[in-house]
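Peer 1: Could you slot chain B onto chain A? The hints should help.
Chains as they are written, first to last, in the working numbering: chain A, 1 to 304; chain B, 305 to 608.
Since the hints were derived computationally from the structure, they do not count as laboratory data.
All residues carry an ideal CB built from backbone N, CA and C; glycine is no exception.
One or more hints might be untrue.
Stated by the list, open to error - Interface residues of chain B toward chain A, partial, derived using beta-carbon atoms under 10 Å:
1) 388
2) 389
3) 488
4) 570
5) 574
6) 582
7) 598
Number of protein chains: 2
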Amino acid sequence: MFNRVALVGIGLIGSSLSHVMRREGLAQEIAISTRSPETLERARKLNLGNEYFLDAAEAARGADLVIVCTPVGACEHVAKTIAPVLAEGAIVSDVGSVKQTVLDQMKPNLPETVHLIPGHPIAGTEFSGPDSGFASLFEERWCILTPDENSDPEAVKKLQRFWEKCGSDVEIMTARHHDLVLAITSHLPHLIAYNIVGTANDLETETRSEVIKFSASGFRDFTRIAASDPTMWRDIFLHNKDAVLETLGRFSEDLSSLRRAIRKGDGEMLFDLFTRTRDIRRSIVEIGQDTEAPNFGRYSKDEQ
Amino acid sequence: MFNRVALVGIGLIGSSLSHVMRREGLAQEIAISTRSPETLERARKLNLGNEYFLDAAEAARGADLVIVCTPVGACEHVAKTIAPVLAEGAIVSDVGSVKQTVLDQMKPNLPETVHLIPGHPIAGTEFSGPDSGFASLFEERWCILTPDENSDPEAVKKLQRFWEKCGSDVEIMTARHHDLVLAITSHLPHLIAYNIVGTANDLETETRSEVIKFSASGFRDFTRIAASDPTMWRDIFLHNKDAVLETLGRFSEDLSSLRRAIRKGDGEMLFDLFTRTRDIRRSIVEIGQDTEAPNFGRYSKDEQ
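Just chain A, with the same shape it has in the complex (with noise of 0.2 Å):
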């Protein structure tokens, strides 16, 4: 499908795309690049790639598809470094959590012959780096396309084929759209689970080795999202501040609803809006996108 692939970083999203890309046959050669040594080193060791690079420029050099998946603060600085190498007609994506962002980093500092395309594949978990990949990480996850009013429709059409290939359901945006959807179904979620978990993490010893040891009362489930990439979440706070600090004030305004109705002992508001989040769980789980099994599953063995 494309002749050189480069992913620049190569963490769980570009491993993964390494393999699965490696298993449908995506790419005669990848280039893979990493600022990081050691990295580049542990890419090579897993056979990721053709061709192992310090420098993005090298990666990107002669590519017909370039991958940016590296914390979406990157964006700017590896527009720099590669566009005065980049193939006319190449496209460059990337895979970030952040949208309009990409489009105002990358954009100014790449050639008008190239097509930038960003791209945010809906997929991961809570680990990172080159080992974490593996080939099915898209499989039935949506993947978005966010290009703008100049893309040309080939390279995106081109683009969409390449992401269901690698088994995701595509779906077209405009990057602020994305923006403010992802900031309630990801970014506040995350921040909110890194607040609850910083909480419990900075009281007295004693207390929070008992919320570590009785900790499958609810709370672990919040430590599996704050135990993601830190550089990666930092990146897209930065990135996505107005959207996120409007859902947060939402946010915000509803937890003191609830607080006031708990001090008045309104058991009727709280049945009823405990009852009302019920539904969009159910909703989740019949369109596919979490599994039915108790517990996510996690103790199946356990099940009757």
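Peer 2: The following block gives chain B in isolation, referenced to the frame of chain A:
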């Protein structure tokens, strides 16, 4: 181990107790009561006990162990109902997520000839009702007992052995301490999950359906917790009000700092917090309180 065990309430915990008592031969006979005729009929169809009653007193009559498996708000009513028929020396316990309120509601209403020892198995799923139980629910999970200073040590030991035979590790602490620890590990996480799912639920219809569609980016984890039983959780918040409000206060303070860090673009503060929170996850997995499989092992078929 016991001649007659009465289960007052036959939801997830009650039915799981029935399964494990049968498997381990812990009771000669199991008497079941619930106020709901439909649930009682269902319990009978599932063959969860030897006798079935709408009246808790009928089940408790002659029992040497009574376990109240209702929402915590029903404890006082149950105590008044069963008090006149309780056998001398019987152990009366429960499984609720708040413990001081169980002592307060039940102790004044029970005869001094019985042993009240509140209990709380840290085990459950997001499902409820008599169909949702399974025998291994309590395996390798903690069960906390909260006797008071007047409790008979022999009775406490017997109840401890009972839970150990159900597969649990038993920990003994005061009711007040239990309620503080659980406010952090369980009640606050549930409150936050209910709140965030409620915030999403209130969005305009189009955005709401996108939230469901793209929920795999983080949100779906919260919906599992927010699908828990509404009556049970209403009662928990009403009966552990002070500890929950105190914990919520700390959480809200921390959230304000986090919001300020995002607004100011303080990447260092964010990175620092997101790094510290990783350690807690590691500790939880190390002591066996959660699986180390990515995504809770949701998609274990996917992994390489």
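Peer 1: Against the structure, test the hints numbered earlier, and report the numbers of the ones violated in rising order.
Peer 2: Hint check: 1, 2 fail, others pass.
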